[in-house]
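Novice: Chain by chain, the residues run as shown.
Protein chains: 2
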Amino acid sequence: MTRLSTVNTKDSPVLIPQKLINKERQDSKLQIDEINTFLESNPEKQSLTHQLIDQIVNDPILQTDTKYYDQTKDQQREITAKKIARLATYMEHDIKTVRAQFRDNDLIKQLQSSSSSSVLPLTNKDISLFDKRLSLVANIDPQLGTRVGVHLGLFGNCIKGNGTDEQIKYWLQTRGAAFIKGIYGCFSMTELGHGSNVAQLQTTATYDSKLDSFVINTPDLTATKWWIGGAAHSATHTVCYARLLVEGKDYGVKTFVVPLRDLETLQLLPGISIGDIGSKMGRDGIDNGWIQFRNVIIPREYMLSRFTKVIPSENGSDKVTVKTQPQLDQISGYSALLSGRVNMVMDSFRFGSKFATIATRYAVGRQQFAPNKNSTELQLIDYPLHQYRVLPQLTIPYLVSPAAFKLMDTYYSTLDELYKVSSSSPANANGLKVVSEKLKNLFIDSASLKATNTWLISTLIDELRQTCGGHGYSQYNAFGKGYDDWVVQCTWEGDNNILSLTSAKSILKKFVDSATKGKFNNSLDEDSFNYLNPKFIMKVFTPSGDSTSIIDDDDLYSYTKIWEVSLVKILAFIGKSIERSRDVDSVSKLLVMVSKFHAIHSMLKTYHNKLTNNDPHDKSFINDQYTQETMWNIYKLFSIYFIDKHSGEFQQFKILTPNDISKIIQPKLLELLPKLRKDCIALTDSFKLPDAMINAPIGYYDGDIYHNYFNEVVKNNPVEKDGAGIAPYHKILSDMLTRGFEFDAKLGGSSNKDILSMLNK
Amino acid sequence: MTRLSTVNTKDSPVLIPQKLINKERQDSKLQIDEINTFLESNPEKQSLTHQLIDQIVNDPILQTDTKYYDQTKDQQREITAKKIARLATYMEHDIKTVRAQFRDNDLIKQLQSSSSSSVLPLTNKDISLFDKRLSLVANIDPQLGTRVGVHLGLFGNCIKGNGTDEQIKYWLQTRGAAFIKGIYGCFSMTELGHGSNVAQLQTTATYDSKLDSFVINTPDLTATKWWIGGAAHSATHTVCYARLLVEGKDYGVKTFVVPLRDLETLQLLPGISIGDIGSKMGRDGIDNGWIQFRNVIIPREYMLSRFTKVIPSENGSDKVTVKTQPQLDQISGYSALLSGRVNMVMDSFRFGSKFATIATRYAVGRQQFAPNKNSTELQLIDYPLHQYRVLPQLTIPYLVSPAAFKLMDTYYSTLDELYKVSSSSPANANGLKVVSEKLKNLFIDSASLKATNTWLISTLIDELRQTCGGHGYSQYNAFGKGYDDWVVQCTWEGDNNILSLTSAKSILKKFVDSATKGKFNNSLDEDSFNYLNPKFIMKVFTPSGDSTSIIDDDDLYSYTKIWEVSLVKILAFIGKSIERSRDVDSVSKLLVMVSKFHAIHSMLKTYHNKLTNNDPHDKSFINDQYTQETMWNIYKLFSIYFIDKHSGEFQQFKILTPNDISKIIQPKLLELLPKLRKDCIALTDSFKLPDAMINAPIGYYDGDIYHNYFNEVVKNNPVEKDGAGIAPYHKILSDMLTRGFEFDAKLGGSSNKDILSMLNK
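Residue numbers (the UniProt record's numbering), protein chains in the order written: chain D, 1 to 761; chain P, 1 to 761.
Pulled out of the complex, with its shape left as it was, chain D reads as follows:
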């Protein structure tokens, strides 16, 4: 069928969404370039983002269009493998770009050559360009992102976090894993019977002193490694989480590199059983598998030994020694998961911006119901309920962005510091203490931001899909697969409830230290936990008088501060409850709330500091007055929307009264919605997502919703082989419809009077 264009109209009232959407563009005075700089952190990062996106969406192998939504599991897996091979070539290119070395000297060969000393070893900076590329790819094709992410992020980071300098260099650089070459890794942590409780994993690594090797075993079915991304078909090696058993003693769970497959044939090595986990709710392009080990022998040196090392007896009769640094060992055991959590916060920004763009454009272009008989139908976005359903969701990616970039920076700087401190010899005890405190704070922030934002974006996708009515349910409009792909983020690399509890318990501990002992570490905690400053806590519990001044438009920080007050009040309530009941579990529902409030607070505070240029490292880049005002309205709406959503807690813990809700919060909500409504198209244009990244015809830039959608549907569903509208299985139906009557057709037998009387004789 010829592609339908907008010219195809007859003499009936025609819906013209593209005109409506373009009108909004013309009417808006927003500086969308400035906003985009804000959202992409700074001009350098912004320009890089757009360069990379441009390359990805125009790459003949990497590009992803609506055909994506019709692929079977097997097709998805094969196409994803092709894309991985393509990405591997970009990896080499990106490292050369960072090192600015394109002439002479084969840089990758030099890096892989174990003897080469003429070239500096690979650093995080070298792969930062590819990391950014991968993060963007992951938002266009999430299963591709994960499949590479398991290898580089989980396998790679597990080695970086737990390996010695030499082990890191060997596996990642010399063997080529860092270049997606030589080795393809997977990450064998989770077992069928154990997920969050990593310490209880059952796979064993028994040291055999005669062989000077470890023997890896899966003791029973529930210890089968489960959900292992890349195991089913791709991985040549795995990092295996297994209990270290030495001379009968159990040293707990450590990490081991275990080869799984022949490099050229991908055939399984002896003792390795692997199966395909099969169909999932989403991300079927990932070949998740299960692994069982039966007496698999690996050299002692394959244990990752930065913090725990097995030293064999020298003459065969001495005891084997196990040297360990317990504190760092434990932290870094989990550190492989950190990178994933940090990335998920960034994904929350990009996924959120994509679906907010689709739903906003649809809300502006779609018309429904006329106020009276002779007027044209209203645009969806002009209904207050629809504004309430769409616009607060649109503020979410705005608020996530600054927090996501900040968390990413903190992650890199903290890990660099850990790496430096733990490499120095002799050990820098004070340095180790400081960096382990920083790591703990990073765990709290990343856990609470990961959990909160992956939940927020699940809700965002779901609610925005519903705002698009039936068209939101079409696979071609991205919501379905988007949701199915997204929601696993609430479970993997730290279940959201467990993460929320863990981070909230740490916050509670800080609160108790501060409130009861005045303990507060200004230099480490002032940034993320400023509300736990003893002075602030005291002030919260000093009667202030005028409760209506809690939100004050002359004091923009008040929209952040109200969350600080609420955190302190909830924490105090929790503290008292535990004092009474001696039972932390009974308040776990409230602890989850604390983690959520902490994340909302972080996002508001970071956004506020950026927009006011308070933070010298994180400038706003917004100079236009009107644009700035609008950016503040986004900030306000985000805060007010969530106060209203949590008005139960805000009233229960007496931060706000019922009248405050009725007279201040909800009226403010209704006042902010129309303000943002008039710029909503410009606010989504500011994300600067090309159509190829949107990949949902009802959300394309030109706003020609109906034609774009119709054309994509027709393109992906060509006329049937047996004739238009005739299914391959049509005979099943026509046979059914034209079937005869029981007696005529003698279906199975018949109970006609004559026959029955004959049978009766």
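If you are wondering where the hints come from, they were derived from the structure by calculation, not from laboratory data. There are no misleading hints in this set.
A pair counts as met if it fits within one copy or between any two copies, since identical chains are not told apart.
Derived pair list, reagent style DSBU-like, types lysine-lysine, alpha-carbon separation capped at 35 Å:
1. Lys654 <-> Lys589
2. Lys23 <-> Lys249
3. Lys249 <-> Lys19
4. Lys569 <-> Lys654
5. Lys433 <-> Lys509
6. Lys440 <-> Lys181
7. Lys668 <-> Lys19
8. Lys373 <-> Lys440
9. Lys517 <-> Lys433
10. Lys67 <-> Lys721
11. Lys678 <-> Lys373
12. Lys645 <-> Lys535
13. Lys675 <-> Lys576
14. Lys721 <-> Lys181
15. Lys96 <-> Lys761
16. Lys210 <-> Lys373
17. Lys569 <-> Lys668
18. Lys249 <-> Lys373
19. Lys654 <-> Lys505
20. Lys663 <-> Lys576
21. Lys73 <-> Lys715
22. Lys373 <-> Lys323
23. Lys678 <-> Lys576
Every value quoted in this text rests on a predicted model; they were computed, and no experiment measured them.
Starting from the known structure of chain D, arrange chain P on it as the hints suggest.
Specialist: Chain P in isolation, oriented as in the chain D frame:
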């Protein structure tokens, strides 16, 4: 691979979920048969339910196992067609069963024979048995349910609601549609550009007096019929919603039977363009299509004319007359959707019970974290947070059931009354008035129950999936496809937000009539809207004093009544807001809440009345004292859980104070959870869902979670053709991993010093 059994254990700590689950069964004193009778309404319905389920899950064509989760769209569609053909044979059998006529006389042939007067015409009662079968099938294989439901429920009910007696008999009985024979119908209401706003549909049916026929046209792209279930490949006929144009006058949207395809070849008829809508978020077994009409001519008599009729001029010069009964015409225009809404409430009960069973069994069988080093790991269900996440969800199907059965009964009795009254000649004016009031109330109740419960079950599936961790994300454990299939219920046959607004606006009108004019129709409104009785409203606004007595364990109705109080208070607040602002839209967010509260109230009230044997038509059947107490605890938990969820509104509208929430509601919640926890396995066993209906190995009855799950995964993912763990596409990966270096491999060119200097010459 041999099926793994529980005997396969070695010498490691083994997880034994089946033992844990069986222990709970032994310990519970609940009478699960009595509960099941309660849940299935009464002993007759109960026995029928189990008979039908037993037949379905053991039918070689209808049965659905975990292979279901691996089918491609094309496979799903073909298998669904086979199942439809199979169901058609049950249809004939079921009608014969109801009429108790299996000997002599071919009943279906008699019914189809247009001249036959020896046999009574088909009634709702005749097909009630098949309806129940279909409703159960729809919960095992939702896409199958829909695909048949569109034909019988939408196409059939549209004809029943809008056709004359003769039209109904002809299309459904003589032509065989009611037997899924001769005709397969679809329902052409929605268009690409219009969904909820049915009155603005653009397809035209122009009366041509010369031909004495209608000409059906699709005036432009946005008027393309869209999402039409069955259109892509199955339907031979459609009921088409189109604007009736007679002599230039637009009479609004009416319904017309339009043939689409040849019965034997399924080839499209002239003027009909049909295409496949393609992939959807879920229910890919349904062949949704789009339809365009280009000068399609149908006889005048194909217009469904119970309430609107076009009468041609007798001599060609008189005016054409259009006779219409506007009020009933409008109501019955939508009545085809009513059956779907009523069924979705029943689906909410059954879907909810399925996922509650899976998650509860998993929560009891799964262990995670030990309180200290030497103790065994706790069962998930023993964590208060986990109880909070699972048990209130388990109460939802309990509370939905009585309301669903009641709504179903009201639906049938009201429609029967409408049919009788509108068939009587001369028209029974008073009867019509009463039945149209009853229909309006049915619209309110069904809209608010449909919207609220489809939302609740979406949340239930999503939250319970998360409680199963990663295993919830496996397609084989039912949550993924379950969710994807389910959520369309929030959108179709009345978008939940629109339905909520519509029902709440009607409730608001009733409230204003009652509160300001004392108007209240006791006989019609006392059942669903008892809280709108002027006396009750007055009492709510009389200061009562002791607010802590709002929930009173000596007065079980108080758990329902608190919702009545809150409804009145919110409605009063809304009334005042509108008085001030003159703008209903500004309170639309609160109106959605009113609809939700109304539904919660209906469920609580109906459950309360059933359990107290207050309703002579709806007995409890629970005699055991302990079981009854537990059933009351379910009722209490449901009420308390949603009060807490909506504590924002309960405080804002001053039904409860902050202290009530902290000191009464939340402690009661924490007190009820462990009470229900100890019987939670029995409470899910009471649904009596066979494994074949659960279709999720982590939720099977025997509780052998890990083996069942592992075995299903292995069964559905056999060893690869090229060898275990070797994908068909493995060469893509091995080529990538074994690739050379740039200079050696001369990839694309090279920048080696010698070559560059040569090129420089």
